[in-house]
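Peer 1: Here are the chains, one letter per residue:
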Amino acid sequence: MRVKLIYSHEVVDKPILASIILMAKIPINILEAKVNAQKGELIVSIPATGDKLKEILDLFRREGVQVQEFAETLRIDWDKCMACGACISPCPTKALRFREDWSLEFDEEKCVACKICVTVCPVKVISMP
Amino acid sequence: MLSSEKTEELRTIDEINEKIRRGDAVVLTAEEMIKLVESSGLEVAAKEVDVVTTGTFGAMCSSGVFLNFGHSDPPIKMTRCWLNDVPVYKGLAAVDGYLGATAMSETRGFEYGGGHVIEDLVSGKEVVLRAESYGTDCYPRRHIETVITIDDLNQAILVNPRNCYQRYDAATNSSDRVLYTYMGTLLPNYGNITFSGAGQLNPLCKDPNYETIGLGTRIFLGGGIGYIIGEGTQHSPGAGFGTIMVKGDLKQMNSRYLRGASFHRYGTTLYVGIGIPIPIINMNVARTAALKDEEIFVNIRDYAVPSRPDLRPVVKRVSYAELRSGKVNIGDRDVPSSSLSSYKMAREIAETLKKWILEGTFFLTKPIEPLPRQREFKPLKVRGREIRVGDIMSRNVITARPDEDIKAVASKLVEKGIDHLPVVDQDGRLVGIVTSWDLAKAIAQDKRRLDEIMTRKVITAFENESIDVVARRMAQYNISGVPVVDRLNHVIGILTTDDISRKVIGGRCAQ
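Residue numbers (the working numbering), protein chains in the order written: chain A, 1 to 129; chain B, 1001 to 1511.
It should be emphasised that the hints constitute simulated quantities derived from the structure, not laboratory data.
All the pointers check out, no bait thrown in.
EDC-like mimics (lysine to aspartate or glutamate), calculated; alpha carbons at most 20 angstroms apart, straight line:
#1 B:Lys1441 with B:Glu1415
#2 B:Lys1381 with B:Asp1468
#3 B:Lys1327 with A:Asp107
#4 A:Lys124 with B:Glu1111
These numbers come from a predicted model, not from an experiment.
Bound-form chain A, shown alone (with noise of 0.2 angstroms):
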């Protein structure tokens, strides 16, 4: 589960995320990590679904923290797309890549939006509502 993680200026400075890893003995990946002194944004994956997805996102809000469903994903065309390769390499987190027959894969949870995908692909079958 991808989820938008909104810190505010009181508590920018807490190390919740760890806190919350340790406590609940959980791996949670950082995608994306906007952090300054005023406010932070991390875009994170949490492998729990669930009851267990949910008391992990209470302890968030009970820290103070702002919880956000991140639902924004790619769109693709897939009897367009050539599996050319060219949105592979340049993907930051790997959520594109070939499969064994050479057919291109899409990791929606690894997924940060940041749609380099959008602009690289040379027949624009990626798309982002």
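For chain A, the structure is supplied; the task is to place chain B on it using the hints.
Peer 2: Frame of chain A; chain B shown alone:
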């Protein structure tokens, strides 16, 4: 040289065609040939296999289509012509034209070009034809605008002057900014590597001595049948960069294998699918047809250097296997690498060609002439002297030291009437730059020393660089001047947009 044993004929093209007719030809794709040689050895493979099929599917800019529109009534001698606003070359007879893959739409620019029109035509889509003329007694019409499809055209003949590069150097970027190139988007600081070509499936790689490929070779072209009509432009066999010129009837092709494409901030092109059958006529051809990605090498070149392709510095020499693995080690880290051409489609083309031959619908041809094995690929010499930075820069540079007082520096600028002040250390090496704008801001903010406000990351130029390249650099970074430095970073001059506009007039040096 080819030894006589290796060139001893195993089978002729006629014998292979006879087997195709009987339905008992042995045809393998290049990938299958590699596996067979690995498992049973070259001798057995050469004895058993009649044909090896190859394939490639990549951006091939030197592609285009000859079109004949037919005559309207009253007729027009089209002197300028557009298809979906993409200009068509009209230096031919009244209603003949050539649409090139890289021609860009006059209304949609990078988004849509000749390659896209070709794909639209092949897909059967309607395309807007617009043309102009000056009117003659025999061709009185001066304007025409209509809608056509590929079926309305008398001929649509794909004629691509340079396709199917034997192999192609890979690209990376050592600079600190993103580069938008025909090799795709190259991220800063060796952020990625892009490459093109199908390596072990690449047609010309499988017969690099051109024993079976030449003028008249029948091939898979864009999903239809095509022919090699000779060497391609920039054919450079000595260096292993052979190319071919091809033609085929667009009306028989398939838009799955001809795709209009655009490279972000570079331009438009056409992805072309080509497959060439390699008849295993002797041991030598059997051996090259079984070459693997691990045995096919290219250079990775640094596109940060604005030089012609063969002068861009080589960062590393790698095999297609390494490139295709997804990462290449440069220095002390793994850099992600990915292709621009489609290996999946290359495979599909080799499979399709194999199927055609097995079905008995595709027969092999003996080339009338092989591709030349020797050809010099010359750069373009620029005659006459071009203006370089050193010709127009100011050599009398006013500089400052980092510890100087801002007010003193400001008065120096006013006194000399300049806007750019390079900051140098005691050895005259560049450490920063300040502009009159920086100084105005610093005084307003009550800053004291120059090193508090100077820009440390300075955009510079070398004395021998072309003015064109440096002017573009200034526009890119939105700056109006660059210090000119030597290789040791000593400031030897300064070049401003003012120097360029005053001293370069009509492309010539006024002084």
